[in-house]
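Q: These are the residues of each chain, in order.
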Amino acid sequence: MSFERTQEKLKILADAAKYDVSCSSSGSNRANKNKGLGDSTGMGICHSYTEDGRCVSLLKILLTNYCIFDCAYCVTRKSNDIKRAAFKVQEVVDLTINFYRRNYIEGLFLSSGIFKSADYTMECLVAVAKKLRLEENFNGYIHLKSIPGASDELMREAGLYADRLSVNIEIPTEAGLKKLAPDKNRADFIKPMVKVKNEIIQYKAEKKLIKSTPKYAPAGQSTQMIIGASGENDFQIMQTSNYFYKSFNLKRVYYSGYVPISYDDRLPKIGSEVPMLRENRLYQTDWLMRFYGFDVSEILNAKHQNLDLDIDPKLSWALRNLHEFPVDVNTADKRMLARIPGLGMKSVYKIINARRFRRLNWDHLKKIGIALNRAQYFMICDSNQFERRDLSAEKIKGLILQNSTSKYTKTLSNQMSLFG
Amino acid sequence: MQEKKLIYDGTFDGFLSAVFYVFEHKLNAVSIVNEFVVQNGLFSEDIIITTENEKANRVWTGLKSKLSSTGSFQLYYTFLSEQAGVENILLDYMRYAFSKSDKKIDKDFSHPSVLKIAQTAKMVGREKHRMEAFVRFRLTKDDIYFASIEPDFNVLPLISKHFERRYADQKWMIYDIKRHYGLFYDLEKVEIINMDFPQLFDFTKTDSDYFAKQEFEFQRLWKDYFKSTNIESRKNTKLHIRHVPKRYWKYLSEKQPD
Ligand code: SF4
Numbered sequence: 001m002s003f004e005r006t007q008e009k010l011k012i013l014a015d016a017a018k019y020d021v022s023c024s025s026s027g028s029n030r031a032n033k034n035k036g037l038g039d040s041t042g043m044g045i046c047h048s049y050t051e052d053g054r055c056v057s058l059l060k061i062l063l064t065n066y067c068i069f070d071c072a073y074c075v076t077r078k079s080n081d082i083k084r085a086a087f088k089v090q091e092v093v094d095l096t097i098n099f100y101r102r103n104y105i106e107g108l109f110l111s112s113g114i115f116k117s118a119d120y121t122m123e124c125l126v127a128v129a130k131k132l133r134l135e136e137n138f139n140g141y142i143h144l145k146s147i148p149g150a151s152d153e154l155m156r157e158a159g160l161y162a163d164r165l166s167v168n169i170e171i172p173t174e175a176g177l178k179k180l181a182p183d184k185n186r187a188d189f190i191k192p193m194v195k196v197k198n199e200i201i202q203y204k205a206e207k208k209l210i211k212s213t214p215k216y217a218p219a220g221q222s223t224q225m226i227i228g229a230s231g232e233n234d235f236q237i238m239q240t241s242n243y244f245y246k247s248f249n250l251k252r253v254y255y256s257g258y259v260p261i262s263y264d265d266r267l268p269k270i271g272s273e274v275p276m277l278r279e280n281r282l283y284q285t286d287w288l289m290r291f292y293g294f295d296v297s298e299i300l301n302a303k304h305q306n307l308d309l310d311i312d313p314k315l316s317w318a319l320r321n322l323h324e325f326p327v328d329v330n331t332a333d334k335r336m337l338a339r340i341p342g343l344g345m346k347s348v349y350k351i352i353n354a355r356r357f358r359r360l361n362w363d364h365l366k367k368i369g370i371a372l373n374r375a376q377y378f379m380i381c382d383s384n385q386f387e388r389r390d391l392s393a394e395k396i397k398g399l400i401l402q403n404s405t406s407k408y409t410k411t412l413s414n415q416m417s418l419f420g
Numbered sequence: 001m002q003e004k005k006l007i008y009d010g011t012f013d014g015f016l017s018a019v020f021y022v023f024e025h026k027l028n029a030v031s032i033v034n035e036f037v038v039q040n041g042l043f044s045e046d047i048i049i050t051t052e053n054e055k056a057n058r059v060w061t062g063l064k065s066k067l068s069s070t071g072s073f074q075l076y077y078t079f080l081s082e083q084a085g086v087e088n089i090l091l092d093y094m095r096y097a098f099s100k101s102d103k104k105i106d107k108d109f110s111h112p113s114v115l116k117i118a119q120t121a122k123m124v125g126r127e128k129h130r131m132e133a134f135v136r137f138r139l140t141k142d143d144i145y146f147a148s149i150e151p152d153f154n155v156l157p158l159i160s161k162h163f164e165r166r167y168a169d170q171k172w173m174i175y176d177i178k179r180h181y182g183l184f185y186d187l188e189k190v191e192i193i194n195m196d197f198p199q200l201f202d203f204t205k206t207d208s209d210y211f212a213k214q215e216f217e218f219q220r221l222w223k224d225y226f227k228s229t230n231i232e233s234r235k236n237t238k239l240h241i242r243h244v245p246k247r248y249w250k251y252l253s254e255k256q257p258d
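Line by line, the protein sequences are chains A and B.
Counted from 1, the first sequence has number 129 at position 129 by our numbering; the numbering is strictly sequential.
Counted from 1, the second sequence has number 133 at position 133 by our numbering; the numbering is strictly sequential.
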């Protein structure tokens, strides 16, 4: 391949792909076979980190940034005056293989602008994955974007070579989508998702009967929503998220704070702050839903439509539900331990393990590495020293905020000053 | 009673042979020391331990029957930390394990040696993962993908499997320049090797005398990629450095000045 040409294309097409925040390379189970190249059985490794602290584990590029659509929130939109480029299938294959061999990456994340038609674009993406698997015996990770509107046959083929498939719904509500991408419709996004979901179910059923059933998207599917581009509140966003997790068995929903890239007055102005803190709070909520046994309606509902920015959603829930506390760490079940503010699941397991040997007091808890600065207000242990003052929620919040300098305080004060 | 000092050859089997000796002679006042760090003991009696695989295996098998699988790998990881005095903490841990019938002592964090070993093993594990992530192979003129590392702990034995599984169809070498040995995979098996490098060999430079021509191109492309994937308006240097501590930068091609 010609080095200069490839270099130029890589710059353009990596730049255009960076707004997709997903970079996960875990959850697959593709082992190295026939002494080929690569293995995706592990956890997925971050080989580097961007200067904004995001994991770099995949070569994340667009096949092309030519696009026939004009979605307002997207740099690749037809009406945007930018340099365009397109990779050849072989170029992407060469880059992937050579980066992989040097241990730069776990694999490829290939997306694309839509050129000619959805099917034509999807066909090209599939061609890259197919070549990597069949000609190069590549067992690294492949994440392909499902192009909205692509046919079922192509989606079926895509899943045979890819570890993960994703369709970004981008805009959390249909109304928002109508406003910002009038020539797109929700149904086109849903269609490939349904197909992939059904294929995965079918694969799992067949696999039980016939061991040699070819793998189908072993790392499942994911989606992304842009936050802060179209005026939705957190309640709407998390409801959509919950719906997608439940209806399509998604592995992950990603939340991506909108990075202003356009003068279009339907959107936040260029130069306005990326809502990173809000994005973080949404991820925290997502975790509470998936790993901490919370129902989304406990955290966000008609009465609480937005997450607090100054405290995390678990603390916020606890302060609204003080009647559930204090929790006795020596007797409480896992579910309640997980609800104590400041305790992560790791700490929960540490407590459950350690209390098998003895009743735990504050000292034991400190020794096994439990951070108490938040948790102390919400728990009791084998000690007669505990928070006795009958503190109000406001008071506890004040004490906690006083004693913690959140890594987001700075961002927060910037964002707060907008309303000041 | 005078303390006995057992001196072993620095290998894991050597260490386990020393442990065997401790149990065989029912020693209490004892410390186990690596021959590379031993200092003249005025107040102790030195005993040189010969490494015997059979004895080592007996201790190891015994331990495995007493420990959960997490417990035994934490033990090995901690040994590889090479930290001063770590042998005696390991010995204390083993004694505790042999005295209990519960296999789950590795979770009893209120025991000081258990906690220490869990913490040390975690540090070693983190270094292992970092090496799996930050190793950067460079293609040499004789078609070997070469990487040099300087890990804080002796993690080569821990990463061997990972690279063998992943890079089964290319020759590769990972060299620990601090400990002067490396792993070499020749398309068949991984071997431990020692190498002499030219005197002024600079491990951080890609020299065209040794490295293939396309190596320079791919390093350039990777660096460009790394740059384009950054989102300026989200810059967060503190977070960045927490993920990639500065001491690792010299080996990362994307971090080299243009
Ligand atoms: S179709 Fe995709 S690439 Fe094209 S403008 Fe819309 S979001 Fe961007």
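Mixed in with the good hints, there may be bad ones.
[Claimed, not checked] Which residues of chain B face chain A? A partial, calculated answer using Cβ under 8 Å:
| hint | residue |
| --- | --- |
| 1 | Ser113 |
| 2 | Glu132 |
| 3 | Thr140 |
| 4 | Lys141 |
| 5 | Asp143 |
| 6 | Ile144 |
| 7 | Tyr145 |
| 8 | Ser148 |
| 9 | Gln170 |
| 10 | Arg234 |
| 11 | Asn236 |
Since the hints were derived computationally from the structure, they do not count as laboratory data.
It should be emphasised that the depicted structure is a prediction, and the values quoted were computed from it without experimental measurement.
The beta-carbon is built from N, C-alpha and C at its ideal position, and this holds for glycine as well.
Q: Taking the least C-beta to C-beta distance, is Lys141 of chain B closer than 8 Å to chain A?
A: The hint is violated - Lys141 of chain B has no Cβ within 8 Å of chain A, the shortest such distance being about 16 Å.
Q: Does Ile144 of chain B pass the interface check with chain A, least Cβ-Cβ distance below 8 Å?
A: Not OK, violated: Ile144 of chain B not within 8 Å of chain A, min 12 Å.
Q: Go through the hint on Gln170 of chain B and say holds or violated, using the shortest Cβ distance to chain A against 8 Å.
A: holds (6 Å)
Q: Holds or violated: is there a CB of chain A closer than 8 Å to the CB of Glu132 of chain B?
A: holds (6 Å)
Q: Holds or violated: the hint that Asp143 of chain B contacts chain A, with Cβ atoms closer than 8 Å.
A: violated (11 Å)
Q: Regarding the hint that Arg234 of chain B lies at the interface with chain A, is the smallest CB-CB distance below 8 Å?
A: Status holds, d = 4 Å.
Q: Would the stated hint for Asn236 of chain B survive a check requiring a Cβ distance to chain A of less than 8 Å?
A: Result: holds, 5 Å to nearest chain A Cβ.
Q: When the nearest CB of chain A is found for Tyr145 of chain B, is that gap smaller than 8 Å?
A: holds (6 Å)
Q: Hint validation: Ser148 of chain B versus chain A, beta carbon distance must be below 8 Å. Holds or violated?
A: It is violated, given that the least Cβ distance between Ser148 of chain B and chain A is near 13 Å, above 8 Å.
Q: Go through the hint on Thr140 of chain B and say holds or violated, using the shortest Cβ distance to chain A against 8 Å.
A: Result: violated, 12 Å to nearest chain A Cβ.
Q: Is the shortest C-beta separation between Ser113 of chain B and chain A less than 8 Å?
A: violated (13 Å)
Hints 1, 3, 4, 5, 6 and 8, counting from the list given before, are not met by this structure.
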